[in-house]
Structures are given as structure tokens and as C-alpha cells.
Amino acid sequence: MNSRSCPGLVLLLSLLVQIFPAVSANAQNLPRTESGMPDLQGIWMVGNSAFANIEDHGARYGLPAGLGVVEGGALPYRPEALVQRDANFASRAVSDPYNRCFFPGVPRIMYLDFPFQIFQTDENVAITFEWNQVFRLIYTNGEPALYDGIESWMGNSRGRWEGDELIVTVKDFNDRSWLDSSGNFHSTAMQLTERYRMLDADTIEYEVTVEDPEVFTRPWVMRMNLHRQTDRERLLEYQCQAELSELNGDFERDERTWYPAPPQPGIAAFDADAVLDLPLPEPTGEIRRLPDGTPDISGYFSARSGGANYGLEKKVGGGGAPPTQGVIIDPPEVILPYQDWARVEADDRYLPHRGYDDPTAHCFVAGVPRSHYVPSPFHILQVDGFVVVLHERMSWRHIDMNRSQHLVDNIRLWMGDSIGHWEGDTLVVRSSNFNGKTWLNEAGDVLTHAQSVVETFTPVSDTEIIYRATVSDPLAYTRPWTIEMPFIRADDDELLEVACLEDNNDLQHLRDVRDEYRAAQAQEN
Amino acid sequence: MKKTAASIFAICCLLSGKAALAHHSFSAEYDADIPVEIVGKVTEMKWSNPHGWIYLDVEDENGNVVNWAMETSAANSLIRRGWRKADLPPGTVLVINGWQARSGPGTGNIRSVTFEDGTRLFAGSGPSGSED
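So the sequences go chain by chain: A and B.
Just so you know, we're using the working numbering here: the first sequence kicks off at 1 and counts up by one.
Just so you know, we're using the working numbering here: the second sequence kicks off at 526 and counts up by one.
So that you can see chain A by itself, here it is in the shape it has in the complex (with noise of 0.2 Å):
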């Protein structure tokens, strides 16, 4: 701009910079997407002490001391449901459903003392936490929830822009979480509307409203500020349940697949490229492209599976066990190239005893390749740097389109480590860093933490990706094999919530069973 030219605009300028100091400055600083809404992408955290208590408190046992974040000091609760906070705060070691791993529900979930991710385009906002690997999928594109009326524990959440601000609706809440570790609660009445004002590059203004008549006498607001965490590369993982378990004694180590093993000699690793000297599967219809070109695999996808889930091998069924198609292009022969200890293992994880020791019967993540083939649905997310997939079994990937090296050795991850790249029209992903602790299926396939997994996703219509996984694991296998797979989009449905742990009645029952074996082997002995 050249003032001589325009005095009175520059004028005009100077004088509104001075009215509005903030958010003039703020708004030509922060940065924007293509579409030109704040881009909140990033890795956040509150880091204050709203988890502990959203009210004003001094510490007790685990929960730091702090300012409350409620707008006007305490809560304004019904007298009866004071009575109830009390009451769970004084039971709160044994109540909090956090305490058990359950979900936190939102808006807990977002002042844990956690980090999260925000990925955006124009169509949604998804959240994925590294706690527990939960995520939240908002919808922003004006359409109507498809599932209205669906009580969970994380809510339904469709979000708009309004100027530089998101605002998300949340509602359709179950009254089992709380809203912080003190017994502060809500029933399923509680509505919500968040707003996430970008403040500055690095700082998001996170406003919360709750209403809820049932155990409140006005609504109230609550507000706290989320910091970008610039010294942390990436989420990792904090998977609660598996490790309340492993503390319990109740998820046992296997020492010839987890991480870390003791050292195998002469185990050389595998060319795990050799999916790549397949011949890629030829489009049959037009797909479907991103403004530059690049395939678009975004959307609401489930994988037709054959019955993977159950066995990757072709098997009849009977006894209970359902039949399979058989996944496997190779090997010729289409069985898994087993060595010897791990195909005697998989056949003693097929029977009834070691039902309890599949990681997913507890809930746990179900690990690559396993994710896309567990019987529920995914959502990818195509964003500028990463292909995010958010499976409906509660469970995330960031596939990392930048990164060119993989996490250092020692840490190992339950969903691994994944770097994608398109190789024309399909993308490629490598992923290592497995810890060991999954199963390929409920019928016990073998996996250990010495697997690495490449994976190609190649659209072929505009409805389906053919999917390809060859997993290399020197210690359990004699070569390299894969699986092949189509997902199907579905435009018109969307995902839902898998609170799987929280009423698990089946692990109790397995337990029996394996406990039953136990002890007649103990008799037999």
C-alpha cells in the first residue's frame, strides 16, 4: 500500500488498529488454510489443572492444586445434585470412570494432561488423542447427524465457522463420565457448545458452555486456553487399558513376540518391498481427485474382509468358527509361510482356552493390519502432511506424508510407526516400531514386534481402494507375505462410538473358560 496514494484509507486503518489493537494484529497473524478459516492444525495441550477439578482447589492425593476455569467461580449445581458430587468425589478413587480407562467423555477429554492433534479440511475437524488413541470426528459440512439421538460417552459433535471462530454443538451424551477427576458430573441431558478461538499462531481460546437443566440451575461457561506443543514431532501413544492390564497381571507377556525379546541370532530382515513387485490392481471407473490432482481415499470406508477377522487362510468354518474366504496372494500355495514354533502356536491360540488372550477380546487396539479388517468401519482424512485413519474401534493412524525416518528403535507402538508416499495413483505405507502384542486374528495368527508392514491403498473407482499389506517378520515367518482386500466408501453414513471396554461382559466369560483349562491341566499334573 503506498499511503500517499490512499491517506484517507490509511487513516482510516491506523485509527481501527488502535479501537481493535488484538484482534487486528491477531488476524492478519494467524495461520489459514486454503479455504481461509484459522488453521488449528497441530499438536495442543491445556496443561493447566481443569483435569484435577474445574472449580478453584487445593491438591489432594494425584490431583495438583490450581485455579478454577469455571467463568463466575463454582458450579451452579441442584442442591440434590451437590449431594451427588460430594458423594462421587469422596468415592472418586474407585467411581472415576477415568480411574478404569473408560472414555473421559467431552469435554474431559480436552483438558487431560494429554496431548492431542487437530487435522482439518472443509468437510471436518477430527481431534485424535494420544490418550487411549480416542478421537473425535466434528462434522462441519451442514449436514444433519445421521445418528441423532444415540446416547455415548464422547457425544455427537457438528461444528460451523462463524468468522475466525469454530463452534461445535455437542450433545447425545450418556451420564457416565465426568467432568474432571473430582466428581464433577453431568446426566444426558448436558448439551455443549465449544468455541475455539485461534488467539495467536501457537495459542487456541477453548470456550465451553454446558447446559444441563437436569443437574444445573443456569448454564455456565467454562474457558481455557490450549498451547501448541512445538517441541513435541508427533503423538505417541498411551494405551490405559492395556497397561491398567498388564499392571493387574491380567495381560501376561509373551516372550517370543513382544518387545523387547531377547536378542535372536541370525535373523536377517526381509526385503519388505515385495508388495511393490506385485503388479497393482487397474482402475475400473473414474476416481476420485483432490484439487491437485492426488487421489482422493477420503471419506467413510469398511473393508470386505472375507472374514479376515477370523482367519486369513481360506477355512470351511464349523465347530463354532466361522468359514474365510482366504485373503493371501502370496504366497502361491495362499497359506502364511509359518515357522514351525509359530504355526504350532497359532493352532493353540485357535482353541477355546487361549480365546482370553487375544488382545482385542480385552478391548485393546488391534494393531496393522489388523485395524482395517476388525469388523467396524473407518474414516480417512486427507490433510496437507498426513492421511489420517480413525477406525470406529476406537482407534487412530497418522500416516506421515513428510517424514522420511522412522522412530528411534526403542520405541515401540501398538499401531506402529507409519510413513506414506504416492507412488502415482496409490499410496504407499511403511510402517516398524511394533511392539509384538497383537494378533493378527481372533483365530490367533502370529505377529511379534520384529514385524514391519507395507501397505499400498490403490483407488480403483470411485467407490473402492483395492488394499494390499505385506507383512515381513523374520522371527515368526520364512518370508514375506500378503493380503489383499477392497474397501468400499459409503457417502451416506458416518461413524460411530466404540466404548468397548466399558461393557465387556464377554472377558469375564472367557476368563472362565481359560481358568477351567488351567486348573484341570493343574489336576492332570
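Read the hints as simulated data drawn from the structure, not as lab findings.
Watch out, some of these pointers could steer you wrong.
As the list claims (entries may be wrong) - Some chain A residues close to chain B (C-beta under 10 Å, calculated; not the full set):
1) Gly-149
2) Glu-151
3) Pro-322
4) Leu-351
5) Gly-355
6) Thr-360
7) Pro-377
8) Glu-442
9) Glu-497
10) Cys-500
Owing to the predicted nature of the structure, the values given are computational and were not obtained by experimental measurement.
Note that the Cβ used here is the ideal one computed from N, Cα and C, for glycine as well.
Assemble the complex: chain A is given as a structure, and chain B must be docked to it using the hints.
Using the frame of chain A, we list chain B on its own:
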């Protein structure tokens, strides 16, 4: 009469090959060699994942009432088939075919559910094969 209707529906559901949103091995928990058919009044529906549960009061030949827990597929699968919580209020009489748990009577896995008038409700989470 009621039994006959239930059996017909059991066969139709088995052939439809739906169901199996399992998250654990069916054979570990249930015995495919012990099919059961129970008639009872719903006391509660647990609308949950990874599996829902229908609890029913079932009267035996001696007039004793036993509360059975029958496992359905995941709540999400039922929701996608169009079912909602209000569709199964307490007191509803149901005929359920399924398989008994290895732990014995009182628990089972659902193959088919029919109302008294023979209307089919939904398939369960049993070993019938392919997933949704």
C-alpha cells in the same frame, strides 16, 4: 405353535448369513453343539459395544424363573440396521434361538430373535459367517 414359528425364523436367519460383529472367538465362549431356544419376557436390553445383551426372565417346567443373558451383535450394528433403544421395552415377550455358553445355562449367544407374532427382530453375533 410358537416354537414352530421360531424355528422357521431361525433357519431363515441362519441362511441369510448376516451377523458376526464379534470381537472375540465365538467358540471360546459358546458351544456350537448346544443350540437353545428360550421364550421369555425382556427385563433389560444392554445397548452396548462390543456386544449388546438382552436379559429375559424365562420360566422353566417347574415354574422357576431364571434370568437369561443373551448376547447380540454390537450396538452399532443394530443401530445401522435401524433399531433403537425404544424398540425393545421391558416386558416384551421374545423367542430367542441361539447357542448356550460353555459356562452353562443362563447365558447364550443369539442366532435369531422373534416377537410373539412371529416378526423377526434381528440376528445376533453368532458363528454364522460373514460380517456386516
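Hints, one by one, checked against the model:
no., hint, result
1, Gly-149, "holds (8 Å)"
2, Glu-151, "holds (8 Å)"
3, Pro-322, "holds (5 Å)"
4, Leu-351, "holds (8 Å)"
5, Gly-355, "holds (2 Å)"
6, Thr-360, "holds (5 Å)"
7, Pro-377, "holds (9 Å)"
8, Glu-442, "holds (5 Å)"
9, Glu-497, "holds (8 Å)"
10, Cys-500, "holds (5 Å)"
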